[in-house]
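All chains should be built: construct the whole structure from the sequences, respecting the hints.
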Amino acid sequence: MTQITLRVLDGSDRGRVFEALQTPITIGREEGNTIQLNDERVSRYHVKIQEDNDRLVLTDLESTNGTKVNGEDIQLRILRHGDMISVGRSVLLYGSREEIAERMARFRSGQNGHRVGDEDDGTMLPEEAQKYSRAGSQDFDLPVEEEEMQAAFHTLEPPEIPERLSPSQAAQLSELIDYIHIRLRQLLASVETDKRGQNILLDFKQWQDLLDLQSRMAEYLRKIADPNRGDD
1224 MTQITLRVLD
1234 GSDRGRVFEA
1244 LQTPITIGRE
1254 EGNTIQLNDE
1264 RVSRYHVKIQ
1274 EDNDRLVLTD
1284 LESTNGTKVN
1294 GEDIQLRILR
1304 HGDMISVGRS
1314 VLLYGSREEI
1324 AERMARFRSG
1334 QNGHRVGDED
1344 DGTMLPEEAQ
1354 KYSRAGSQDF
1364 DLPVEEEEMQ
1374 AAFHTLEPPE
1384 IPERLSPSQA
1394 AQLSELIDYI
1404 HIRLRQLLAS
1414 VETDKRGQNI
1424 LLDFKQWQDL
1434 LDLQSRMAEY
1444 LRKIADPNRG
1454 DD
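In terms of this note's numbering, the sequence shown opens at residue 1224 and continues consecutively.
These are calculated hints, taken from the structure and not from any lab test.
Glycine is no exception: its CB is placed at the ideal position from the N, C-alpha and C atoms.
You may find that some hints are simply not true.
Ranges between beta-carbon positions, derived for each pair [unchecked claim]: (1) E1398 with D1432: 17 to 23 Å; (2) G1420 with Y1268: 50 to 56 Å; (3) E1383 with E1263: 36 to 42 Å; (4) L1434 with D1401: 43 to 49 Å; (5) K1291 with F1427: 29 to 35 Å; (6) V1314 with G1420: 40 to 46 Å; (7) D1426 with E1254: 54 to 60 Å; (8) V1314 with E1398: 34 to 40 Å; (9) G1294 with R1237: 28 to 34 Å; (10) E1274 with E1295: 18 to 24 Å; (11) D1296 with K1418: 35 to 41 Å; (12) E1253 with L1410: 43 to 49 Å.
Capping the alpha-carbon separation at 27 Å, the derived lysine-lysine pairs in DSSO-like fashion look like this [claimed, not checked]: (13) K1428 with K1418; (14) K1271 with K1291; (15) K1291 with K1446; (16) K1271 with K1446.
As structure tokens, this is what we get:
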């Protein structure tokens, strides 16, 4: 069973470190949570973190004020070392300094054209591991020199296709992705450029089609996070 580390970066509990936690865990304001936060904007039981198919999954437990990971509102999210979880006025960082340093080393190795290890296999270049696995001070500091690297670390990474899908689930996923692909292809084929070729022009219908596609994606995400929620 995976042991995880969560560190509170901001909020009333700033500076607290929770190490060697066994999944599943819950975070909330009420006693009985694995992590109890002194934050009135945090729900009684706010989020749950559990393992599924060798992945660590964070689920918002229909909290009043919602949950963000790396600044994005989420209902479900696979966690990776270095992710920042915002609940209420509190911000928690997932991973120890060493775990985050190892992920950053793999990220840098890939960007610099070196050997790239799988996201979860812990593979990295020995010189990178030595350079970036040094523990810092109590005040957290990402082990990078360039501001661009700090920004890139929290950009969205292309997700992996789910494993162990049944034939019907694979067909449904393929159909969904194909629908998005066709809609985007139609939109891209319909746009125009200005006379200098520097700006893309969308008419009102094209803009509304794009907003409609985003709306449909939001609805899909909501239903996937809670299949029993329906259309409320």
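Problem set entry | Whether the CB-CB distance between V1314 and G1420 falls inside 40 to 46 Å | holds (43 Å)
For this session: Starting from the hint 36 to 42 Å, judge whether the C-beta atoms of E1383 and E1263 obey it.
Result: holds (38 Å)
Exercise. Is the straight-line distance between the alpha-carbon of K1271 and that of K1291 27 Å or less?
Worked result: Holds. K1271 to K1291 sits at ~13 Å (cutoff 27 Å).
Exercise. Is it true that the C-beta distance of D1296 to K1418 lies inside 35 to 41 Å, as the hint says?
Worked result: holds (39 Å)
For this session: Could you see if the CB distance from L1434 to D1401 stays within 43 to 49 Å?
Result: violated (21 Å)
Exercise. That 28 to 34 Å hint for G1294 and R1237 (C-beta), does it hold up?
Worked result: violated (18 Å)
Exercise. Going straight from one Cα to the other, do K1271 and K1446 come out at no more than 27 Å?
Worked result: holds (18 Å)
For this session: Take a look at whether the Cβ-Cβ distance between V1314 and E1398 falls inside 34 to 40 Å.
Result: holds (38 Å)
Problem set entry | Range agreement (Cβ of L1410 with Cβ of E1253, hint 43 to 49 Å) | Since the Cβ atoms of E1253 and L1410 sit about 46 Å apart, the hinted range of 43 to 49 Å holds.
Exercise. How does the Cβ-Cβ distance of G1420 and Y1268 compare with 50 to 56 Å: does it lie in that range?
Worked result: holds (54 Å)
Exercise. Has the hinted range 17 to 23 Å been met by the Cβ atoms of E1398 and D1432?
Worked result: holds (20 Å)
Problem set entry | 27 Å Cα cutoff - pair K1291, K1446 | Holds, because 18 Å separates the two Cα atoms, which is no more than 27 Å.
Comparing the model with each numbered hint stated earlier shows that hints 4, 9 do not hold.
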